[in-house]
Amino acid sequence: MKYRLRHRTTYAYENAVSFARCVLRLTPRSSATQTVTESAITVTPEPSARLTRIGPFGAEIVTVTVDKPHKALVIEANSRIDVHVPPPGDPDASQPWEAVRSRALNTADLSPDGPASYLFATPRTPILPSITDYVRISFPPGRPIIAAVSELNNRINREFKYDPGATEVSTPVAQAFDARHGVCQDFAQIMIVGLRGLGLPVKYVSGYLRTIPPPGQARLEGADATHAWVAVWCGDETGWVGFDPTNAILAGNDHLVLAIGRDYADVAPIDGVILASGVQTLKVEVDVIPEDEPTPAHA
Amino acid sequence: MTTDRLSQWLANYRPLPGVPDELFDANGKPREQWMGFLREFAGYPDADSDGRFGMAARHIRDSGASYRVYGEETETSWPLDPLPLILDQPEWDQIVAGVTQRAELMEAVLRDIYGEGRLVSEGALPAAAITGSPDFLRAMRGVAPPAGRYLQLYAADLGRGPDGRWWVLDDRTQAPSGAGYALENRLVVSRAYPNLYNTLNVHRLAPFFDALRRGLAATADRSEPRICLLTPGPFSQTYYEQAHLARYLGFLLVEGDDLVARDGKVYVRTIAGLKRADVILRRVDAEFLDPLELNAASRLGTPGMLEAIRTGGVTVLNMPGSGVLESRALMSFMPALCQRLLGEPLKLPNIATWWCGQANEQALVEDRFDNLAIAPAFPGSGPFAVPKLVADLSPQDKALLRQRLAERPGDFVGQEVAQLSTMPVLRNGQLQPAPFTLRVFAAVTPEGVRILPGGFCRISDQPDARVISMGEGSRTADVWVIDDKPVERLTLIAAGDDVKVRRILGHLPSRAADNLFWLGRYIERTEATLRLVRALCSSLMDSESSLHGRGQTFESLRAVLIDWGALDGATRPARALDSARDALHDANAWGSVTYLVRAAKRTASGMRERLSADFWGLLVDLEGDLAGGANEIHSEAQALEQVENALRHLAGLSGLTQENMNRVAGWRFLDMGRRIERGANTCQLARTLAHDAATIDDLDLLLDLNDSQITYRARYIVGLALTAVRDLVMLDPYNTRSVAFQIAALKDHLSVLPTLQEDGILEEPSRVLLPLAAELETQDAATLHADKVLAYERTIMRLSNAVADRYFLQGANAVPTVKLVGLA
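Order-wise, the sequence lines are chains A and B.
The number in the working numbering is simply the position in the first sequence, starting from 1, with 1 added.
Position 217 of the second sequence, counting from 1, maps to 204 under the working numbering, and the rest follow consecutively.
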């Protein structure tokens, strides 16, 4: 499935900002499941310095410095992506989960594609016994890993309430877990914490989900959103498999991967510091446009 | 006497069964290097009392050497033992060889992990043994260290195991602490026993620190580089040590927001603008170094620091990420890694360690569970974040730990329970054995590894030698390495030809200017408040001569104290004595003398590396003057005694400032703080006591407070006249206490301080100050009414703000940074 992707972030400031330095994690990366054919980031006003490098998790990271006074900062990322997730294999044919655990601990792959970086607690995803206990129910000894994680994926979808107003980006995972509600990020974090509690390697995945407009209506411009899910390492053969607990599905051709990491801190699209005082406001517009789609309506 | 005492000590000394001892060898004979010390030591008449050592230890208190328990306001005094740990040359040579090798091994492992990664790809090291560490910085993989190496300072914690060999218990590769303490310990002990220290051939510490400094300087790309020691700040547990080291080595002590990263370089904010920082010796953990790329919540770092390291614009040592080697998980791999990377066996063994991330090791640990210590494989938090002896755990905890170990084996190591050797300590006049660990420091310089001939010895309070932590009330001891031949007497004196003479030590950092300015203001306010309290207790009380206006003057005085926050305006003490007591000691009043002295001390503690030990000592004394508290004050005379003592120590501080402080920018800011405070205070007192309806008592008091009685009496025989008093207190340029004198001094300071731009345009502080200076020169005392004085006072406060804006961190060159918000 081919897409055009637009991710536009606008910061508006009450008082002029004289200096800004931003780290942009807005360049999607090609992998076994997607091919990025084009990508570009434009920043307004024009940065005085711009550096590009490969980040700690394999994706391109752009650092920009803006040193002329400005009252608005606009960062727009545009790309074309071909998503080609292979059809899922037989879940019951996957490896027993304990075998995956010991294999991950002994991998000789230090790269961000190997499992070793995703086994341990992080500040946002600590090991929490209560969540491990919740997850353990789906993991009787010897169960094939994809079958076990799929069941967990469904349980979270069933037992947690999707509630966009209930949590924020900084809400601790324990709080969302105890209240049994949240949004995509909370569900992804709960899954990460629980699976890592059993010693399994799990990634936080940020990206976009294609939205299908109601029949007869055009997609609204800028109304798509960023999304988060997880990827679980299922052994050397199978590699990483994406699970989307918000929708109780495996990540497929509607899931566009922007960045991967251990938790949200590793994938935050923009981190920055500015020299300023006063209020700042933020607006994010996202368009996920299938290549065969006609021109969208205006929101 | 001497031999009696010594033989009694030795006779009563009982080494622990099955544990090696430093004083007695395996055959029960005392070792010669200890006997050489003890024979002399026992000869001191007061050897078994605290007298001699107590004096040296007091020096520590006076110089402020103490370590702060994190988050605690009061400082704990620093427990140093009188007896040093004594090691002979052959023993020391083994330690040197072992620690040198280990430092080289650490460097080689770091080079591989952050470089090619062959240890992992070729199976010598599981990837998870690295990624488990929060100090593994993925962002530093593939980045060439600007200095060409990862480590500048490495430390190994050693203990002597049951087999009599020295074992490595822990590696310190992030930012080892303790070298500064070792230095301070040496200062105290050598001061306590100068003869002993000089007759025994004790290795000196100075050459090591000289090598450390040269090693750092050599990494910069220009001569005379600016070297900074990056500290987490005064609330860090080892802040004093950092300040001490910075001062000793001549480095600039900076915090994260003193630094700015621009265009791939790092700069220090100074009163003359941004100045390049070439080399940074960091004591901030890597995770907090750069909020832009690492821990976004960090307040200790500098945004853009990592980028500057990547582009080679700044040298930061130890290289961020080197802390990854502090994981216990790696311990078990060290013997094989040493063989592989250095081609030789490890010279000092590790304490036996098994990382449970491997199936065989996990099985072994589960097998021997009850006989081992279980420790976290990586630094972290949680219920099993500190090493635990399984034997000591409750059945529930044991079961829980077993489950955790089964589910997340990679989080744990099993370690042999080590009994460390004991050394003699003096307790209640007797020698007794106590377990200890020894931290040995290696400076990795371009010329190779150098080892500090000494170290940081920590002594356990418990006879059980299995867990030691500074935080749990352990004590420390100096470490003497005794050579069999006379040692070279080296100091930090450099070879004459290498030194470029300079008279000014770089540009004053904005933070230091800020602290010095406020220290000046606090000291001056303290003095002024003390004078007010003295007036309350003395002149008013016995002024039998003045029959009129006494109540009014007293009320004016109280009003000023209330306005200054020294007294609570809501309560009405019945007597002047009660007011005096409150103004001195009410810790809740933000202007009481006690409060002000604490504020001064707190400000000073944020820049101890810039203040002499004498200066600090006087501040400590000043606090001591008030230590008796309010309970000791039952009469005016007792209050007066406290006030007079405090004023004497303040006079000492002033003298020290004038006579012993170099006339560089730092002194100017301290003095500017005092002048601004004194100028504003004097204005307030003048408009309160020398207004148009002032009484004789008012004027008399004003002269007292202004310390101008004698001058006035000498000039005027006629008695007190309003205009004459006003002129003396406000306008007289020859009176060192007049407002005009303060303004003239400030004008002098501003004219010498650096400007940001060479465009000839006056900077804001001068624009505020110069009109006031001109007005004071031309003003006539006869028409100097209260409203005019109030206007002067406000101008002085505006000047204070202008100085802050121009020179300090919150000033124009450093608007606070705000993080971009939101999930984008």
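Simulated from the structure, these hints should not be mistaken for laboratory data.
Owing to the predicted nature of the structure, the values given are computational and were not obtained by experimental measurement.
Any given hint could turn out to be false.
Result set (DSBU-like, lysine-lysine): computed pairs, CA atoms no more than 30 Å apart in a straight line [what the hints assert, rightly or not]:
| id | chain 1 | residue 1 | chain 2 | residue 2 |
| --- | --- | --- | --- | --- |
| 1 | B | 252 | A | 72 |
| 2 | B | 734 | B | 252 |
| 3 | B | 262 | B | 775 |
| 4 | B | 734 | B | 775 |
| 5 | A | 162 | A | 69 |
| 6 | A | 3 | A | 284 |
| 7 | B | 262 | B | 252 |
| 8 | B | 334 | B | 375 |
| 9 | A | 72 | B | 334 |
| 10 | A | 69 | B | 734 |
| 11 | A | 72 | A | 284 |
| 12 | B | 375 | A | 69 |
Each pair of labels, with its calculated beta carbon distance range [stated by the list, open to error]:
| id | chain 1 | residue 1 | chain 2 | residue 2 | range |
| --- | --- | --- | --- | --- | --- |
| 13 | A | 278 | B | 450 | 56 to 64 Å |
| 14 | A | 43 | B | 760 | 53 to 61 Å |
| 15 | B | 450 | A | 180 | 45 to 53 Å |
| 16 | B | 224 | A | 278 | 49 to 57 Å |
| 17 | A | 137 | B | 417 | 18 to 26 Å |
A few chain B positions that, by computed beta-carbon distances, are all more than 10 Å from chain A [claimed, not checked]:
| id | residue |
| --- | --- |
| 18 | 109 |
| 19 | 194 |
| 20 | 286 |
| 21 | 344 |
| 22 | 578 |
By construction, the Cβ of each residue, glycine as well, lies at the ideal position given by its N, Cα and C atoms.
(Q) Between the alpha carbons of residue 375 (chain B) and residue 69 (chain A), is the straight-line distance 30 Å or under? (A) Distance of about 56 Å is beyond 30 Å: violated.
Q) Is residue 3 (chain A) close enough to residue 284 (chain A), meaning Cα to Cα at most 30 Å? A) Distance ~26 Å between residue 3 (chain A) and residue 284 (chain A) Cα, so the pair holds.
Q. Per the stated criterion, does the least C-beta distance between residue 344 (chain B) and chain A lie above 10 Å, as a non-interface residue requires?
A. Its Cβ does come within 10 Å of chain A, the nearest being 5 Å, so this is violated.
Q) Taken at face value, is the distance from the CA of residue 72 (chain A) to the CA of residue 252 (chain B) at most 30 Å? A) Measuring from Cα to Cα gives roughly 27 Å; hence the hint holds.
Q.
Range first: 56 to 64 Å. Now tell me if the beta carbons of residue 278 (chain A) and residue 450 (chain B) are that far apart.
A. Since the Cβ atoms of residue 278 (chain A) and residue 450 (chain B) sit about 59 Å apart, the hinted range of 56 to 64 Å holds.
Q: For the pair we were handed, residue 162 (chain A) and residue 69 (chain A), check the Cα-Cα distance against 30 Å.
A: 46 Å, violated
Q) Going by Cβ atoms, does residue 109 (chain B) stay more than 10 Å from chain A at every point? A) 8 Å, violated
**Q.** Verdict for residue 43 (chain A), residue 760 (chain B) (Cβ pair) under range 53 to 61 Å
**A.** With Cβ atoms ~54 Å apart, the hint holds.
Q. Is the nearest Cβ of chain A still more than 10 Å from the Cβ of residue 194 (chain B)?
A. 40 Å, holds
Q.
Run the distance test for residue 262 (chain B) versus residue 775 (chain B): straight-line Cα separation, threshold 30 Å.
A. 42 Å, violated
**Q.** 10 Å cut-off, C-beta based - residue 286 (chain B) kept clear of every residue in chain A
**A.** Consistent with the label, residue 286 (chain B) stays out of reach of chain A, its closest Cβ about 12 Å off (over 10 Å).
Q) Are the Cα atoms of residue 72 (chain A) and residue 284 (chain A) separated by 30 Å or less? A) 14 Å, holds
Of the numbered hints stated above, those contradicted by the structure are hints 2, 3, 5, 9, 10, 12, 16, 17, 18, 21, listed in ascending order.
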